Amino acid sequence: MDKQAIIEFKNFSFQYYSQSEPTLHDINLTIYRGEKILIVGPSGSGKSTLGHCINGLIPFAYKGEISGSLTIAGQDTREKNIFELSKMVGTVLQDSDGQFVGLTAGEDIAFTLENDNIPLESMHARVKQVAEMVDMHHQLNSSPFELSGGQKQRTSLAGVMIDNVDILLFDEPLANLDPATGKTAIEIIDDIHKESQKTIVIIEHRLEDVLHRDISRVIVLNDGRIVADMDAHDLVCSDILTKTGIREPLYVTALKYAGVDVKCGMLPGYITTLKADQSKNKLRTWHKAIPPDTRCNQNPVVLQMEKVSFSYDGARQVLQDINFELRGGEMIALVGKNGAGKSTLSKLLCGFEKEDCGVIRYKGEDIKDKTIKERAEIIGVVMQNPNQMISKALIYDEVALGLRLRGITEEEIKPRVEKVLKVCGLAPFIDWPISALSYGQKKRVTIAAILVLDPRILILDEPTAGQDYRHYTEIMEFLVELNKLGVTIILITHDMHLMLEYTPRAIVLAGGRMIADTSASFVLTNAEVIEEANLKETSLYRLAQLADIPDGTHFVQSFIDYERRLKNR
Amino acid sequence: MNTKMKLFSYNLVDTPIHQLSGLTKLICFLFLTFAVMYSYDIRVVLLVMAFSIYILRVSKIQYSQIRLMVVYVLIFLLTNLVITFFFAPEMGVEIYGTRHVITKLVGGLSLTWEQVLYQITKFTKYASVIPLGMIFLLTTNPSEFASSLNGIHVNYKAAFAVSLTLRYFPDIQREYHDISQAQQARGLDLSHKAKFKDRFKNALLIIIPLIFSSLDRIELISNAMDLRGFGKGKTRSWYTYKKLTRADYFAIILSGLIFAGSLAVSAFINHSRFYNPFI
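As given, the protein sequences belong to chains A and B, one line each in that order. Residue numbering for the first sequence follows my numbering, beginning at 2 and increasing consecutively. Residue numbering for the second sequence follows my numbering, beginning at 6 and increasing consecutively.
One or more hints might be untrue.
[Claimed, not checked] Each computed BS3-like pair below joins lysine-lysine, with the alpha-carbon atoms no more than 30 Å apart: (1) A:K374 / A:K308; (2) A:K568 / A:K423; (3) A:K374 / B:K202; (4) B:K162 / A:K129.
[Claimed, not checked] Partner residues are not named here, just some residues of chain B that face chain A (Cβ under 7 Å, in silico): (5) V78; (6) S148; (7) I184; (8) S185; (9) A208; (10) L210; (11) L232; (12) K237; (13) S242; (14) Y244.
The set of hints was computed from the structure by calculation and includes no laboratory data. Quick caveat: nothing in here was measured; it's all calculated off a predicted structure. C-beta atoms are modelled at their ideal positions from N, C-alpha and C, and glycine is treated no differently.
Just need the whole structure built from these sequences, with the hints factored in.
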């Protein structure tokens, strides 16, 4: 079969009018009909911009200067408008909740047809037919509030497939999904690719998760340029990932730690193709040589939950019989599916909601009667999206807000704010407007604004959601520094890497009950917990099996211990 | 949480009222509201009120869904009742032209039958609009309503904006709630203890983050709509469109008759907007 080009960038450059530098430089890229392409790159590498060029948002919604050419199915995109392009390219955006335009799944799927003036009967028939393809035909009358993240994404997918487009473009499809749902999403995309032979372009920075299924080629973008265009095996063997700051698959990292020279002949691109026969001995020797981490937190208990139960409506228990203790200076993960009760648990701790029964103690003292304001001086909570917290124009004012609202004098506020900004690495920006900061820095501002009240316990909701490897590391290393200063940290998260690298202990909630309070290595390898918490098995576990190491959990723990020592934590 | 989310929004139940087109319900709502608003005849008002409560029952709206709104409106109406009495204690006398004192009160005030009738009429007028509003809000699918607005030649972009607002209203509500809690933890006082000036300043601390996160949302939604071809044609079709049925015409005619009846009572029987039993 002849390869037929469907998307062709030729010497293509693009510069937003609002920016002083081009975002894309001299892109030459050809994508052939029926291929499945992954575009990876760190934040700011231009990968989303590249996607916007393909679907027509550039130059339709975002204006800028284009040079070179981009043709889709042989036609120059500059001569097409976004509506004509949308007949060829269907886009699934990353936030499947925000892009849900209809009041029900059926209506959302029908949106394109409505805009095409398709008569009612054929519209309903086609919606049903496409909904069946993504297994949403029983939820056509459900509102977005009744649907899970995965279901919303499938609705969006059906909404673009209904138009019979040639190209499907996925912009960070994994960003808002938990690991299990993300895995299913990759499988659905792969099934559609196999059945329909459509051209598929996936933009993601989570390489290992996308490589759960086959990919024709991986394009690596960095600083607006293409730095690699190769298959997964070659990419994983090269040093491109490390150079561009994209996380390599974990099993590859483990192989490297064990001293294995990762070669293309081992087919290391996917864990499912990996041939580790030659590496078994090295892996086993490495695994045995790692002494277990025997450090044990002996600090006094700071926080206790005893038999805590809670219900919003008095009928359905959202939390039931929660018991745990937290020692000073711990950093733990709180995991579980959406709706398992994680946010409710943090709301109880902050006093936003009151427990129906049970006791919450801070340093042995029942905190039932403390107001929200008083509790904030013990337990601080940082929301996921910094935009939800920032209410002042200047960094100084934002951080000082909590103190000002407490009626503290300006003389006293100044040194406290300065100290906190120093801890958060924001001291040089003290007089800056917040709008000039990057996302990661904004996140730090919100953390600083909470820290200024000097809480001893910090709860962070998905602190690394949607962040690339570099920003993830930046935020997490900062939290480690805080943790070393004695702040106890609870992280609400789906991120399995975060658990593996930063939180030795994890508490797992499922259906409002605590089903595990154990080591991260156990959570990431135990089939039952994985299922209950919508996680997925770490590839390290599979690697242990390939190397005939019987105790996979122990192998994962060794990896964790090895990395801790390596990074001196 | 789900029960809270659905408090003020459309619920899908299969009743004759839900099956009516959104446009029909809007027209009926306007007819009946004008009927009670125009007339100060307590007999007419009570009839419409009884009718609207009957419709409320037919549409299977649970009291728990509307309790909050009912309580607020009652508080408002009772305050209004008291204030009206103190500011215009002789209003009834002025209107009806007679004076039948029931009892003398302190400070030269006296309670008259005329005032009692006037205030009760006014109270029932407002009170009878509530069930109508509830029915309209809770039984109308916003998208379907948008499609019927478009059906009477309202520009479809404007009509869609209505349904989009209702789609995102619960999201914004939830976000407001989250932001408000986070800001309270930082020390924001939203209770009555704070001074009025401070409360206004404090409200800004919630509204500013809300605006910024909503702006993000708007960019996203408008991109999503562009990418799926919204606005390319002069017309569009609607997934939820309902043709007007015989039941719709019946409902419109019925409420039109009630409106006409209310006008007729004022014009031919009372010869004014007021019903006067005192002469």
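Against the structure, the hints come out as follows:
1. A:K374 / A:K308: It holds: about 24 Å lies between the C-alpha atoms, which stays within 30 Å.
2. A:K568 / A:K423: holds, 23 Å
3. A:K374 / B:K202: holds, 20 Å
4. B:K162 / A:K129: holds, 26 Å
5. V78: Check failed: Cβ of V78 (chain B) comes no nearer than 24 Å to chain A, outside 7 Å.
6. S148: holds, 5 Å
7. I184: holds, 5 Å
8. S185: Violated: closest Cβ of chain A sits about 10 Å from S185 (chain B), beyond 7 Å.
9. A208: Because about 11 Å separates A208 (chain B) from the closest Cβ in chain A, which is outside the 7 Å limit, the hint is violated.
10. L210: holds, 5 Å
11. L232: Where the cut-off is 7 Å and the nearest Cβ of chain A is about 5 Å from L232 (chain B), the hint holds.
12. K237: Status holds, d = 4 Å.
13. S242: holds, 5 Å
14. Y244: holds, 4 Å
Hint violations for this structure: numbers 5, 8, 9, all remaining hints satisfied.
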